[in-house]
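Student: Since the structure of chain A is already known, use the hints to place chain B on it.
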Amino acid sequence: MNQIKTQLRNSLKDEGFRSFIIRFLCTLLILTIVYESYLWLTEQQRELDWVTYKVSELSHALATALGVANCEFSCFMDGCRIGVEGKMINVLEGCNGLMLALVYASYIVGSGGFKWSSLVQVIIGIIVVQFFNVFRIGMLVVLRDLGGDAYFFFIKYLFNVIIYVSILLLWILKPHVDHLFESAS
Amino acid sequence: MTLRAFISVITYITLHLLASGPMNYLLYINNTRDFFDIPIALVLGTSYKMIIAFVFMRFHKFDYGYILIILLLAFITRVVFHGPFPVAVLAGWFFLTTRSKDSLSNQ
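Order-wise, the sequence lines are chains A and B.
Each residue of the first sequence is one higher than the last, beginning at 12 in the numbering used here.
Each residue of the second sequence is one higher than the last, beginning at 36 in the numbering used here.
Bound conformation, chain B alone:
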């Protein structure tokens, strides 16, 4: 992994967590553990996280098709399986950046 890629990963995770922190705080002050109790925060927070992930993958020059599928994968991981959204994004990103480059149309 290049230094540039590593820095971009750290930046992406940090920007993602900048949204997670206030969202968890909102849960705390609203005395709930369910984000559906604060729908506006849920929509804003999720949109922000999606945009950050999108920018992260565009930074690595991924096609829109790959980005949309990885975002969907991360969304399913989060909503259906309650797993971590950024780890699913990183899984898709890492798979595409480390596999044989000649099989990638966009690189």
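With the rest of the complex left out, here is chain A:
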């Protein structure tokens, strides 16, 4: 127990790590406030948020392009429904991948501070996360249409592993992007 206490004290004395944690949490807090305010505003206007709508619309387009016949698409205040009648998928605000993108962004700012290269990486990261999210939902519509247990496996495991690993790959690329910006300036 004493060993754990000593190690905890030493970790808190580690300035680099402490700065990372503080910057990570502050960035996440600020981005969450901005996002929640945006959600509150759209709710006041009795509308669905733009990100969820666009993710759903693009997923519907992908599913249609992949050959799902009679694929329907309808949106309400709390989310969208995509798919064939009787096999619809609900895309709610929590499915739009934005919270994942915010945590990704918090790491970028947490580890390197706020710089122009961080802003570029955050924007690229959000696009990549949304690309995988549209792919995930579009494929789910296709799998749901085909039927079987594959649907459950893909939604719970494979797509999540892919999306988390893609975030890790973006973090791996971070020093290279920083280096590119430093060379350019």
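Fair warning: there could be bad hints in the mix.
Claimed, not checked - Only pairs whose alpha carbons sit at most 20 angstroms apart, straight line, appear in this in silico SDA-like list of lysine to any residue:
| # | chain 1 | residue 1 | chain 2 | residue 2 |
| --- | --- | --- | --- | --- |
| 1 | A | Lys24 | B | Phe130 |
| 2 | A | Lys16 | B | Lys96 |
| 3 | A | Lys185 | B | Thr133 |
| 4 | B | Lys96 | A | Asn13 |
| 5 | A | Lys16 | B | Arg93 |
| 6 | A | Lys185 | A | Gly124 |
Stated by the list, open to error - Output of the computed footprint for chain B on chain A, the stretches with three or more beta carbons under 8 angstroms from beta carbons of chain B:
| # | stretch |
| --- | --- |
| 7 | 47-54 |
| 8 | 101-114 |
What the hints contain is simulated information worked out from the structure, not anything from laboratory work.
Where a beta carbon is used, it is the ideal one built from N, C-alpha and C, also for glycine.
Tutor: Chain B alone, transformed into the frame defined by chain A:
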């Protein structure tokens, strides 16, 4: 990133998701979206996820101090901000493994 580290990440994410799947299914059969409606599952699932994250970081020989802080960070990310728990764990892990090693007391 080494192959060993990459495999450990994939294993960690998979083991984490093995708990998320049944927990989401429990939400579905209980006709709710709030985990506080199924408190026993919430406690068991959260403990399991914490243990898996702990083992993952111990595997990488992190000090208990760092592990506890990263677990707290991930817990705050999940409970306060509704963000993904494993991504917050991976953020802490990745920061510690990629920064200058001489500033780390445990490596």
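Student: Next, verify each hint and record whether it holds.
Tutor: Each hint tested on the structure:
Pair hint lysine 24 of chain A plus phenylalanine 130 of chain B holds up; C-alpha atoms about 16 angstroms apart against a cutoff of 20 angstroms. At roughly 17 angstroms between alpha-carbon atoms, lysine 16 of chain A and lysine 96 of chain B fall within 20 angstroms of each other, so this suggested pair holds. Between lysine 185 of chain A and threonine 133 of chain B the CA atoms are separated by roughly 11 angstroms; this keeps the pair inside 20 angstroms, and the hint holds. Taking the CA atoms of lysine 96 of chain B and asparagine 13 of chain A, the gap is near 19 angstroms; set against the 20 angstroms cutoff, the hint holds.
Our distance criterion of 20 angstroms between C-alpha atoms is met by lysine 16 of chain A and arginine 93 of chain B, whose separation comes to about 16 angstroms. Between lysine 185 of chain A and glycine 124 of chain A the CA atoms are separated by roughly 12 angstroms; this keeps the pair inside 20 angstroms, and the hint holds. For the stretch 47-54 of chain A, the assignment as covered by chain B is violated, since 0 residues bring a beta-carbon within under 8 angstroms of that chain's beta-carbons and 3 are needed. As drawn, the stretch 101-114 of chain A meets chain B at 5 residues by the rule of a beta-carbon pair under 8 angstroms; at three or more, the given contact holds.
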